[in-house]
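With chain A held as given, fit chain B onto it using these hints.
For reference, the chains in residue letters:
Number of protein chains: 2
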Amino acid sequence: MKMEAYLSRNIKDALQKDPPGEWMFELPDACIRLNSGFPAPDLVPADKLKEAVTHLIDEEGDLPLHYVGSPRFAGLKDSIQQRLAERGIQDGEVLITSGACQGIDLIARVFIDDQTLVAVESPTYMEALEVFQNYTGQFMSIPVDEHGLQTDRFEEVLAKRKKDGLPMPRVLYTIPTFQNPTGTTMTIERRKHVLELAEKYDFLIIEDDAYGELYFREQSVPLKAIDHHERVLYVGSLSKVVAPGMRIGWVNAPAEVTTALAWFKKDLDHPFVQATMASFLEKNDMEKRLHMLRATYQEKRNAMTSALKENMPSSVSWHIPEGGYFVWVEVKGADTSKLLPYAMDEGVAYVPGQYFFLNQADGKAFLRLSFSYASRDEIVDGVRKLGKAMRKFDL
Amino acid sequence: MKMEAYLSRNIKDALQKDPPGEWMFELPDACIRLNSGFPAPDLVPADKLKEAVTHLIDEEGDLPLHYVGSPRFAGLKDSIQQRLAERGIQDGEVLITSGACQGIDLIARVFIDDQTLVAVESPTYMEALEVFQNYTGQFMSIPVDEHGLQTDRFEEVLAKRKKDGLPMPRVLYTIPTFQNPTGTTMTIERRKHVLELAEKYDFLIIEDDAYGELYFREQSVPLKAIDHHERVLYVGSLSKVVAPGMRIGWVNAPAEVTTALAWFKKDLDHPFVQATMASFLEKNDMEKRLHMLRATYQEKRNAMTSALKENMPSSVSWHIPEGGYFVWVEVKGADTSKLLPYAMDEGVAYVPGQYFFLNQADGKAFLRLSFSYASRDEIVDGVRKLGKAMRKFDL
Chain A
1 MKMEAYLSRN IKDALQKDPP GEWMFELPDA CIRLNSGFPA PDLVPADKLK
51 EAVTHLIDEE GDLPLHYVGS PRFAGLKDSI QQRLAERGIQ DGEVLITSGA
101 CQGIDLIARV FIDDQTLVAV ESPTYMEALE VFQNYTGQFM SIPVDEHGLQ
151 TDRFEEVLAK RKKDGLPMPR VLYTIPTFQN PTGTTMTIER RKHVLELAEK
201 YDFLIIEDDA YGELYFREQS VPLKAIDHHE RVLYVGSLSK VVAPGMRIGW
251 VNAPAEVTTA LAWFKKDLDH PFVQATMASF LEKNDMEKRL HMLRATYQEK
301 RNAMTSALKE NMPSSVSWHI PEGGYFVWVE VKGADTSKLL PYAMDEGVAY
351 VPGQYFFLNQ ADGKAFLRLS FSYASRDEIV DGVRKLGKAM RKFDL
Chain B
1 MKMEAYLSRN IKDALQKDPP GEWMFELPDA CIRLNSGFPA PDLVPADKLK
51 EAVTHLIDEE GDLPLHYVGS PRFAGLKDSI QQRLAERGIQ DGEVLITSGA
101 CQGIDLIARV FIDDQTLVAV ESPTYMEALE VFQNYTGQFM SIPVDEHGLQ
151 TDRFEEVLAK RKKDGLPMPR VLYTIPTFQN PTGTTMTIER RKHVLELAEK
201 YDFLIIEDDA YGELYFREQS VPLKAIDHHE RVLYVGSLSK VVAPGMRIGW
251 VNAPAEVTTA LAWFKKDLDH PFVQATMASF LEKNDMEKRL HMLRATYQEK
301 RNAMTSALKE NMPSSVSWHI PEGGYFVWVE VKGADTSKLL PYAMDEGVAY
351 VPGQYFFLNQ ADGKAFLRLS FSYASRDEIV DGVRKLGKAM RKFDL
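Heads up: the sequence lines are chains A and B, in that order.
Positions 1 to 395 (my numbering) are the ones given, in order, by the first sequence.
Positions 1 to 395 (my numbering) are the ones given, in order, by the second sequence.
Next comes chain A alone, as it looks inside the complex (with noise of 0.2 Å):
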């Protein structure tokens, strides 16, 4: 077969680029895995969900095995809404959707061709980019600071486009709260300003809250709950705070284009998860679950800090994230790529920088570490492991 010559005219370009998923590697089991963005094994509650779907089973039969039918499955959406207003989101309608990727890709579905410019965060989360890149190639990065998006930046780029009459942006992806690969948070008075900037050059807003619930002092407000103009495509899930492997996210967003991101989701409706997910819901005390995952996650993240400023060599520095998954690390002159396989051969692993990046060179000096999913006991052998790979290598 000569696939070429049958190929979707859309598509061409994004099969010229490198393959999606490069960044996952394989390791063996020994490897303390800072590198990994999944939950802690011992905070997945696996016991709950099988409780839920014997529960479910128990008391609707195969109603949640069919294509619809399962009242659970459709009280899914109150669910989700209630989440919402937790976060102060009490417009527009919800879609349910495989987790927050498959919204992401709706979004771009119904949204971006090959002529729509995006503006992305830099670094921004991979998973993303490649999302993105299956439909345009024309980008435009942003710096992220320890503030979050750096939206005077954005402004002077935007401003400086129009003058010279070049494409300008027809939306931005943003995760504004612990953001990955970064976990900083972006202030109140840069989130304002750039709906302002939304609104003054016309673009979208599609917010990425996958961390939002995760904070460990203080909740952010999201760009949807103070967004006045129906600028912002809101991106949520339960992945980071029940488990991934439901495949559990949504968009919030007016009724229009929930309508339309609808129209292309032609996986259909998930009513087992979906049903199942209802019911554990039903049966758990979500704030009651959130608040011992962030007072858990928070220990982690102070397990983490710690470990990092009793072990690092004086040329590294870090932020100290207030909610979510990880700390970015810049180890100043290095390649962290090649730094990798010294860590692996001490026994930690890490993500290294330029996956974040569009300009992949521009990461070099960068690695992600999670402090989600390893122990807090291997979080400290982790780091130290990864102090010494780094004075190997002189650094």
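By construction, these hints were calculated from the structure, which means they are not laboratory data.
Take these hints with a grain of salt, some might be off.
Cut-off 16 Å, straight-line C-alpha distance, at most; resulting in silico cross-link-like pairs (EDC-like, lysine to aspartate or glutamate) [to be verified]: (1) B:K388 - B:E378; (2) A:K17 - A:D114; (3) B:K17 - B:E4; (4) B:K2 - A:E230; (5) B:K192 - B:D164; (6) B:K392 - B:E346; (7) A:K48 - A:D285; (8) B:K2 - A:E256; (9) B:K50 - A:E60; (10) A:K48 - B:E51; (11) A:K50 - B:E59; (12) B:K77 - B:E93; (13) A:K2 - B:E346; (14) B:K48 - A:D58; (15) B:K48 - B:D381; (16) A:K50 - B:E51; (17) B:K283 - B:D47; (18) A:K50 - B:D58; (19) B:K338 - B:D362; (20) B:K12 - A:D114; (21) B:K2 - A:E199; (22) B:K392 - B:D345; (23) A:K2 - B:E256.
Relative to the frame of chain A, chain B by itself:
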């Protein structure tokens, strides 16, 4: 928000057509569902799936609840390959999808753009039409008779188009076995013929085999099993033989194709349901289960065709399907969408033929009955009620 101003050029046309799912309608509880393409409630193994979850979580704990990591999740592909071997298919790679629908959508994504002419059977599965219409407006219809797709007619049209310098189809979508909606099966001669046509006129074939395992007398040979030129992209599913709500389907195709499809599969994998299905297949004998399903559906088919013989006016005709879920009924001189409210008043529902045709007027005199969902007694009673409605209409 003015959504129109931000839409991708690639989807603007799709949003102009009728919204998807128009053929689904709400029914009062008492109505006998001869419209429903669901498996019968008592044939959905709800308790066995519950046990499969219990077994899975007891053995694997949190593993199937992450993005990757469950050994059973990884092993599901082997079980699918075993199912394919039972259908005579040895070659090609398997990509697991969320039901056959996602498989069809991913194939369309990779191979169909707005300049692609797609050949479809007339009538055909409406959900597939909806998928293709998201990508192109260029279609040609090839009629189906009691021996399946009329390949002679197809060849005539192809030869004429070639001679006239008209655009040629790049993709044919067919359900050769127990077709939805007609229940008919393509003869082996026509199967060979259509494969020859694909090679001669250079098009790909999407073979939808959702019903292939539900034969009453003898198994048919899938196109994929006799495809010597990698023309066939095969789509299968466990929706009809286990449970649709689990959303487990697959594409079997050359490796370069499954790799490209996976590239655009941005709902990611579904570890929990996939591992649950692997656990179910491990503990349950599928051959035994299929044997039971074939016997049960054959009995229900018999009940339906006997009841039709007894209750239909002489203007009504149908084929007797040798497997699958459906009987396709022609009601000469009727408009089955106008008849439907009368049938529902009597307490029975069907799907009007119009939804299965690109040109809906072609389906006016047809209706689809399903013997899958209703019980034997309901089928007999439902067909009697349908006859009553027809007599009110003087048919």
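Structure-based check of each hint:
1. Restraint check: the Cα-Cα separation between B:K388 and B:E378 comes to about 15 Å, which is no more than 16 Å; the hinted pair holds.
2. For the proposed pair A:K17 and A:D114, the alpha carbon gap of about 14 Å is at most 16 Å, so the pair holds.
3. With a C-alpha separation of about 15 Å, the suggested pairing of B:K17 with B:E4 holds against the 16 Å cut-off.
4. For the given pair, B:K2 sits about 9 Å from A:E230 by alpha-carbon distance, which is consistent with the 16 Å threshold.
5. With a C-alpha separation of about 26 Å, the suggested pairing of B:K192 with B:D164 is violated against the 16 Å cut-off.
6. Distance check on the hinted pair: B:K392 and B:E346 sit about 10 Å apart at the alpha-carbon level, within 16 Å; holds.
7. For the hint pairing A:K48 with A:D285, the CA-to-CA distance comes to about 12 Å; that is within 16 Å, so the pair holds.
8. A hinted pair counts as satisfied when its Cα atoms are at most 16 Å apart, and B:K2 with A:E256 qualifies at roughly 9 Å.
9. Note on B:K50 and A:E60: the hinted pairing holds, with a Cα-Cα distance of about 12 Å set against a maximum of 16 Å.
10. Note on A:K48 and B:E51: the hinted pairing holds, with a Cα-Cα distance of about 15 Å set against a maximum of 16 Å.
11. Restraint check for A:K50 and B:E59: the C-alpha separation of about 12 Å stays at or below 16 Å, so the hint holds.
12. For the suggested pair B:K77 and B:E93, the alpha carbons sit about 10 Å apart, so the restraint of at most 16 Å is met.
13. Note on A:K2 and B:E346: the hinted pairing is violated, with a Cα-Cα distance of about 55 Å set against a maximum of 16 Å.
14. For the suggested pair B:K48 and A:D58, the alpha carbons sit about 12 Å apart, so the restraint of at most 16 Å is met.
15. Simply put, B:K48 and B:D381 have alpha-carbon atoms about 31 Å apart, too far for the 16 Å limit, and the pair is violated.
16. Using a Cα cut-off of 16 Å, the hinted pair A:K50 and B:E51 holds, with the two alpha carbons roughly 10 Å apart.
17. In summary, the hint linking B:K283 to B:D47 is supported, as the alpha carbons are separated by about 12 Å, within the 16 Å threshold.
18. A hinted pair counts as satisfied when its Cα atoms are at most 16 Å apart, and A:K50 with B:D58 qualifies at roughly 9 Å.
19. In summary, the hint linking B:K338 to B:D362 is supported, as the alpha carbons are separated by about 15 Å, within the 16 Å threshold.
20. At roughly 14 Å between alpha-carbon atoms, B:K12 and A:D114 fall within 16 Å of each other, so this suggested pair holds.
21. The straight-line distance between the Cα atoms of B:K2 and A:E199 is roughly 12 Å, inside the 16 Å bound, and the hint therefore holds.
22. Distance restraint check for B:K392 and B:D345: the Cα-Cα separation of roughly 11 Å lies within the 16 Å cut-off, and the hinted pair is therefore satisfied.
23. Under the criterion of a C-alpha separation no larger than 16 Å, the hint pairing A:K2 with B:E256 is consistent with the structure, at around 9 Å.
Of the numbered hints stated above, those contradicted by the structure are hints 5, 13 and 15, listed in ascending order.
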